[in-house]
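S.K.: Now for the letters of each chain:
Protein chains: 2
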Amino acid sequence: FTLASLRGNYQPELSRRLYRLIKTENHVITSYESAGRERQSIANQLSEWGEQTGDDAVNELSDKLGVLLSELGAQEEAFAQSLEEYRSVLKQIRNTESSVQPSREHKAKITDEIAKLRYKDPSSTKITLLEQELVRAEAENLVAEAQLTNVTRSKLKEAFAAQFVAVIERAEKQTVLARHGLRMLNLLDDTPVVPGEQLLPFEHEREARQILLDAEEELKDWSLNIEEEVTTNAH
Amino acid sequence: FTLASLRGNYQPELSRRLYRLIKTENHVITSYESAGRERQSIANQLSEWGEQTGDDAVNELSDKLGVLLSELGAQEEAFAQSLEEYRSVLKQIRNTESSVQPSREHKAKITDEIAKLRYKDPSSTKITLLEQELVRAEAENLVAEAQLTNVTRSKLKEAFAAQFVAVIERAEKQTVLARHGLRMLNLLDDTPVVPGEQLLPFEHEREARQILLDAEEELKDWSLNIEEEVTTNAH
Chain A
1 FTLASLRGNY QPELSRRLYR LIKTENHVIT SYESAGRERQ SIANQLSEWG EQTGDDAVNE
61 LSDKLGVLLS ELGAQEEAFA QSLEEYRSVL KQIRNTESSV QPSREHKAKI TDEIAKLRYK
121 DPSSTKITLL EQELVRAEAE NLVAEAQLTN VTRSKLKEAF AAQFVAVIER AEKQTVLARH
181 GLRMLNLLDD TPVVPGEQLL PFEHEREARQ ILLDAEEELK DWSLNIEEEV TTNAH
Chain B
1 FTLASLRGNY QPELSRRLYR LIKTENHVIT SYESAGRERQ SIANQLSEWG EQTGDDAVNE
61 LSDKLGVLLS ELGAQEEAFA QSLEEYRSVL KQIRNTESSV QPSREHKAKI TDEIAKLRYK
121 DPSSTKITLL EQELVRAEAE NLVAEAQLTN VTRSKLKEAF AAQFVAVIER AEKQTVLARH
181 GLRMLNLLDD TPVVPGEQLL PFEHEREARQ ILLDAEEELK DWSLNIEEEV TTNAH
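In the order they appear, the protein sequences are chains A and B.
Per this note's numbering, the first sequence starts with residue 1, numbered consecutively.
Per this note's numbering, the second sequence starts with residue 1, numbered consecutively.
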């Protein structure tokens, strides 16, 4: 039982579930932001660690790995940012739900009043007036419910299309980085040295730099390429 | 300034940096575990929300989207688990660093004692004994340093190969889920309804189920396929 769930209780009945879902989504986003930030911090730590090993090969490699890790972290943060956009689309459904609630309540209230009055004072002239008001309330509510259906359907598609595209973008960009990371690892020769053997300077500095350039280039050229584009008839 | 960083100060000098990096990596893992768990909770919330909309199409679709989201969350948790394995390989480097530290200190201590004694009592016979001890300490340290170099190089490759492969696995599996998610969204017709229009029952139940089966099948058939396999000469 948290403050957030307490606050959830003050939401109109109709929008309560989505309100909570949007709250939970905020926790997810915070987790990804934090994972991305910490991954970038680890990139620095790795590079500093490599420097103090006194092994030139490990030093150079951990420095270059750091660059790739840092970019992996940046992609994680960009993913969190995209989820924020998806979340804001969900809010549009929630807000429409909130705004439709009074219309439902208004209709229910008049229906209730008519029933009470018919029981207490069946000949009251107020009944006719209330019935007219009910007709108007029903018409207003029909419009509100249609709006809710339309917003819900189109924004549900829009929101989850945004989430899925964000998943694909993160996945493809991080795959580029990871594949070049694997190439980078192969520049480190781990043939065992014997005690007292002089450690040789790293010989693949140029190749390591080229791998970083390749990764950068591929990320720059990346574009979304999906067969399953989501279509809408909403407008 | 946290308790973790205080504890970091009690680590041997040599393993302090990696000790902290491994701590930070633990935070990253916790973030992914939490993101995965919350994503699965959102899957349930979405399905329950869809049920209460009273719109059959939204109900069916949010239920099926929930299945895909839940699997996206499970993949995030599996990724956290793989990072745990990568982290345990880093610990092997850290432990070797810790075990090499006394050997360096032992050598430095004897060198120091010899220097002091040469200054205070240059004719002491203890000097010869200490010099013999120093030769032994140096030999022992040469072995330790070679072990450290070998473990560091091979475990660095092994650890980051594991991380990069985990990144690729999560990426490819989540891409499968996201692409089928986009297909799923296109089953929802968002052509605006007019006020009072009867909402039709969802007509694509069978296609929706087929999309889930396709996704399940593709995940089951998934296997790692990388050109950049990391090779080792460590053994």
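Derived from the structure by calculation, the hints contain no laboratory data.
Mixed in with the good hints there might be a few duds.
Identical copies go unnamed one by one, so any copy, or any two together, can satisfy a pair.
To be verified - List time: in silico SDA-like cross-link candidates among lysine to any residue, alpha-carbon distance up to 20 Å:
(1) K220 <-> V194
(2) K220 <-> S70
(3) K107 <-> R183
(4) K155 <-> S34
(5) K120 <-> S98
(6) K220 <-> A144
(7) K107 <-> E216
(8) K220 <-> A108
(9) K23 <-> S34
(10) K107 <-> T128
(11) K220 <-> Q11
(12) K109 <-> L187
(13) K155 <-> D121
(14) K109 <-> K120
S.K.: All the hints need checking, so say for each whether the structure fits it.
M.R.: Status of the hints after comparison with the structure:
{"no.": "1", "hint": "K220 <-> V194", "in the structure": "neither (44 Å within a copy, 45 Å between copies)"}
{"no.": "2", "hint": "K220 <-> S70", "in the structure": "within (16 Å within a copy, 32 Å between copies)"}
{"no.": "3", "hint": "K107 <-> R183", "in the structure": "neither (67 Å within a copy, 39 Å between copies)"}
{"no.": "4", "hint": "K155 <-> S34", "in the structure": "neither (28 Å within a copy, 26 Å between copies)"}
{"no.": "5", "hint": "K120 <-> S98", "in the structure": "neither (34 Å within a copy, 88 Å between copies)"}
{"no.": "6", "hint": "K220 <-> A144", "in the structure": "neither (46 Å within a copy, 45 Å between copies)"}
{"no.": "7", "hint": "K107 <-> E216", "in the structure": "neither (60 Å within a copy, 46 Å between copies)"}
{"no.": "8", "hint": "K220 <-> A108", "in the structure": "neither (57 Å within a copy, 51 Å between copies)"}
{"no.": "9", "hint": "K23 <-> S34", "in the structure": "both (17 Å within a copy, 14 Å between copies)"}
{"no.": "10", "hint": "K107 <-> T128", "in the structure": "within (15 Å within a copy, 104 Å between copies)"}
{"no.": "11", "hint": "K220 <-> Q11", "in the structure": "neither (44 Å within a copy, 42 Å between copies)"}
{"no.": "12", "hint": "K109 <-> L187", "in the structure": "neither (75 Å within a copy, 37 Å between copies)"}
{"no.": "13", "hint": "K155 <-> D121", "in the structure": "neither (47 Å within a copy, 88 Å between copies)"}
{"no.": "14", "hint": "K109 <-> K120", "in the structure": "within (16 Å within a copy, 103 Å between copies)"}
This entry does not satisfy hints 1, 3, 4, 5, 6, 7, 8, 11, 12, 13, going by the numbered hints stated previously.
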